[in-house]
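Chemist: Letter by letter, the chains look like this.
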Amino acid sequence: METDLLIIGGGPAGLHAALTADRAGARVVVADESFSLGGQLRQQTQWLSNLPGQYGYGKKRGTWVNEQLINQVGASNVQVLKKHTMIGSYLNGNIGVSDGDKTFEIQSRKNIIAPGAQEEAKVFPGWTLPGVMTAGAAQILINREKVLPGKRAVMVGSNDFSLEVARQLNSCGITVEAIVEEKNQIICSDGELVKTLENVPVYTNSTIEIVTGAGEVEHVVIQTPDGLKEVNVDLVCIANGFSPILEPFEIMNCHFVYQKELGGWLAAYNIHLQTTNPSCYIAGNAAGITDFGSILLTGEIAALSALEAMGFISSAEGTEQKSRCWRELANLESEKVLQARTEMLADYHQKHELDLPDYFMKIKGGKMYG
Amino acid sequence: MDKSTIVCRCEEINVDEIETAMKNGAETFDDIKRLTRCGMGPCQSKTCLNPVREIIAEYTGKPLADIRISRMRMPLKLVRMSALTNGSEGGNVASVFGESVEDGETNDE
Amino acid sequence: MVKRMMNNVFDVIVIGSGVIGSSIAYHLSESKNHEILLIDKDFPLSGTSGSTQAWVWVHSKVPSWYGELSMFSAELYPFLEKKIGDVEYKRTGGIAPFFNKAEREKAWRLVEQQAEVGIDIEVLTRDEVLEKEPSLSSHVAGATFSKLDGNVNPFRLVELYVKAAKRNGVQCSFYNQVIDIEKSGDIFRLETYKGVFRAKKVILAGGPWSKDLGSMLGVEMPVKQVRGQILVTEPLQPFLKYTIGGIRQADNGEVLIGYSKEEVGYDRRSTLDVIQQTAKMATDFVPALAKANVVRTFSGIRVMPKDGFPIIGEIPNMDGAYVAVMHSGITLSPLVGTLMTELLTDGETSIDLTRYSLARFEGV
Ligand SMILES: Cc1cc2nc3c(=O)[nH]c(=O)nc-3n(C[C@H](O)[C@H](O)[C@H](O)COP(=O)(O)OP(=O)(O)OC[C@H]3O[C@@H](n4cnc5c(N)ncnc54)[C@H](O)[C@@H]3O)c2cc1C
Ligand SMILES: Cc1cc2nc3c(=O)[nH]c(=O)nc-3n(C[C@H](O)[C@H](O)[C@H](O)COP(=O)(O)OP(=O)(O)OC[C@H]3O[C@@H](n4cnc5c(N)ncnc54)[C@H](O)[C@@H]3O)c2cc1C
Ligand code: FES
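Residue numbers (our numbering), protein chains in the order written: chain A, -16 to 353; chain B, 3 to 111; chain C, 3 to 366.
Just chain A, same shape as in the assembly (with noise of 0.2 Å):
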């Protein structure tokens, strides 16, 4: 199979990139390796804030943007393969895909890939027990699966997306006992959210000090300031982060670097998402884990740079989109996210003997290169 531009990974960065790409007249396969399209925003039923202006800046609801990409990708001219998994990358620096029945490689001229991002495990006494799993799994079980993990549960972590998913969890009849915070107070940031839950039991200074149950939860028992605290539920959900996915850029051979407030190792790359393997470039969760609007627009600068690259689009052209997708994501984007990545990027272009163009420097009025 033969294309200009081959994106791994169907999720809202992908999709995002694909289109951008399109309507240049490029042509584009996606590969995904699940069913259907839209990675981890076929979960999200909640609202949605910190849209690009594409998608009418307001707030939306997560499986409405899903479905709004999903029709325009049907409409356009990308050429989706679902079920089809990236597995490896062939001597020639070609990406090789399975769909289960056979292996093929795909003949790109540039490659994005955007394969989101992993929850990361928790690690306690017990956290192997059936009824023990992260937010997220238990988010696609009642979400896309529906099917209810359990009948009573703990929470563990109260961030933003944590206490998201617990007040789904209740919202569908799971009553959630507890919820369980290593820090001295609750993290997440939406008053609105902390008051629907306001029923619940919060622990803070707290950790799991061991489940226990015959071959599933039964008991957990919880490490708070008062001493331990036994509560019987029968799921556990884990919020412990997210990180980025990174075993597809190693395949392609990207030097990876680490920032901590972009969710650890993760590729290198440049302003315009390209990877050290110039052929790759890279979007959304997997460059670095923020919000929504971001994903979205590291999928357009990535697509953006790889038409450049090819000759899709004039430099100028790249140079002024770029730019407005730059300036956008730094209002969007979260300070210390935002930090943490212009961090990165400086590291980076130093690091190769990279200038920073002129629009980059003056992102926030210069503010972030003080």
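Quick caveat, the hints were computed from the structure, so don't treat them as lab data.
Where a beta carbon is used, it is the ideal one built from N, C-alpha and C, also for glycine.
Some clues are possibly wrong.
[Unchecked claim] If you anchor each label on the Cβ, the simulated ranges turn out as follows: (1) B/Asp18 - A/His335: 38 to 46 Å; (2) B/Lys64 - C/Lys226: 36 to 44 Å; (3) A/Gln322 - B/Asp68: 16 to 24 Å; (4) A/Gln333 - C/Gly87: 46 to 54 Å; (5) A/Gln333 - C/Lys196: 26 to 34 Å; (6) A/Lys166 - B/Gly63: 20 to 28 Å; (7) B/Tyr61 - A/Asp209: 24 to 32 Å; (8) A/Arg92 - C/Glu184: 46 to 54 Å; (9) C/Thr127 - A/Ala197: 50 to 58 Å; (10) B/Lys64 - A/Ser298: 39 to 47 Å; (11) A/Glu326 - B/Lys64: 16 to 24 Å.
[As the list claims (entries may be wrong)] Here are the simulated SDA-like pairs of lysine to any residue, each with C-alpha atoms no more than 20 Å apart in a straight line: (12) B/Lys79 - A/Asp82; (13) A/Lys85 - B/Lys79; (14) C/Lys282 - A/Gly83.
[To be verified] Chain C is nowhere near these chain B residues, computed Cβ spacing over 12 Å in every case: (15) Met3; (16) Lys5; (17) Thr7; (18) Glu60; (19) Ile71.
Since the structure of chain A is provided, determine the placement of chains B and C with the ligands on it from the hints.
Modeler: Frame of chain A, contents of chains B and C with the ligands only:
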């Protein structure tokens, strides 16, 4: 934490086994892996990589940023042998017998 | 003794803690007569010894004098296990299948050749092969078979060599690269990441990095780097009884498959090209493997002396400097450790090593 707590669920390796490997001098995920099999299970360390890195950081007193990740390998996801052969030309991988007798040069393994 | 070691002065420094270096350090330490340092730029098993098929393979090694060397080494394994512990050595017997009737003649030639040195080989008919190993393809035309072949767990092997060496007083310095070696009078001075070490004797056991180590002493090592890629399946019910040329099933049920050779320098990546070809080989040999899941692949760099045979012994015109570099180091490690110990201790060996000397190469 209780030293018998499992860290690598695929291979059932606990905290104690990881610390023992470090007592024997191992300092990286991959070196611990070769001594304990931690990370060699079906998930290929997708689950245990960071928990183990945290244990290394704690044990060595180094910041997490200095604890390297493991070498990641194809196939990125479990794949059936038949899915690999379909679409393959086959061919260049030699056979032990063929080589041993043909050219007098050492075949081996 | 302690004082000298504190000043980083040793009798012997072994560079490289793969299967070869750690076997030498261990065997040399048995007499407890030497102050020994085992040094590695990474950690034992980070080199080729941690990415190997680990057959202890004898019967198809030709010419017969090389087969004999391999046989002698394989025969040491049971004794080695008594000394250093369970390295999961299993003398399974080895099958090298062929798929073309015409190859039967070559098989008989092999039998004759190897008989000269006492390597017992049977030539099996198609039915006999399938009776021994029913999972082999029914397209098989026959096979050579020998009871001498087997396999070992390379991770346990190297780990236990190092542990036993440490028990015997060997000092280890890991994550410590040797950057330069200088000879001044009778003493070698090693510059490393972690400081300067001195010794009367050095042994180069750097596997695929042997060229770099050689050049520190001004010696051109006549070796090539040959990448091999291996496929590993999920654990399967035990179904392969023998070590088959190219395929073996490990204790935990995983099947390891691979027999590829590429000269790509020190590049340990895997490629789908070779993975797919190897999968093809696997299913050609053992059709039932088509249904198995592949969990991972790995690759290792074989160090291959230019003529294919081990280089073992003192470096010509360089008193006190020794080298041990070879392919099939897993098979040969017990014997190489033993012979090097004899050489360093007595100046002579129970098996003549002239044939294996570095001096056989032109220009050395
Ligand atoms: C409450 C809440 C919960 C959230 N939960 C999550 C979450 O659990 N995880 C998360 O990442 N984000 C989560 N997000 C954020 C948001 O949904 C994601 O940021 C967004 O979906 C990420 O987009 P992406 O395109 O980078 O990755 P994804 O949406 O994860 O898309 C990646 C796609 O790549 C495909 N893929 C991965 N590897 C391969 C491969 N080797 N071959 C082929 N295809 C491959 C996957 O199937 C997937 O479809 C959450 C957001 C909120 C508000
Ligand atoms: C795919 C494959 C399959 C194989 N199958 C078999 C088989 O079935 N049977 C068999 O007998 N053999 C097999 N071999 C070959 C066997 O694995 C090797 O011969 C053996 O592992 C070599 O051991 P070594 O100790 O010489 O090298 P290594 O294990 O590579 O050890 C060399 C060590 O030297 C260290 N080093 C190098 N330079 C320096 C320096 N400057 N300073 C400090 N330390 C340094 C390295 O870090 C390394 O640890 C196979 C090889 C491959 C690649
Ligand atoms: S959890 Fe360690 S390999 Fe899967």
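Chemist: To test your reading of the hints: which numbers does this structure violate?
Modeler: Per hint list: zero violations.
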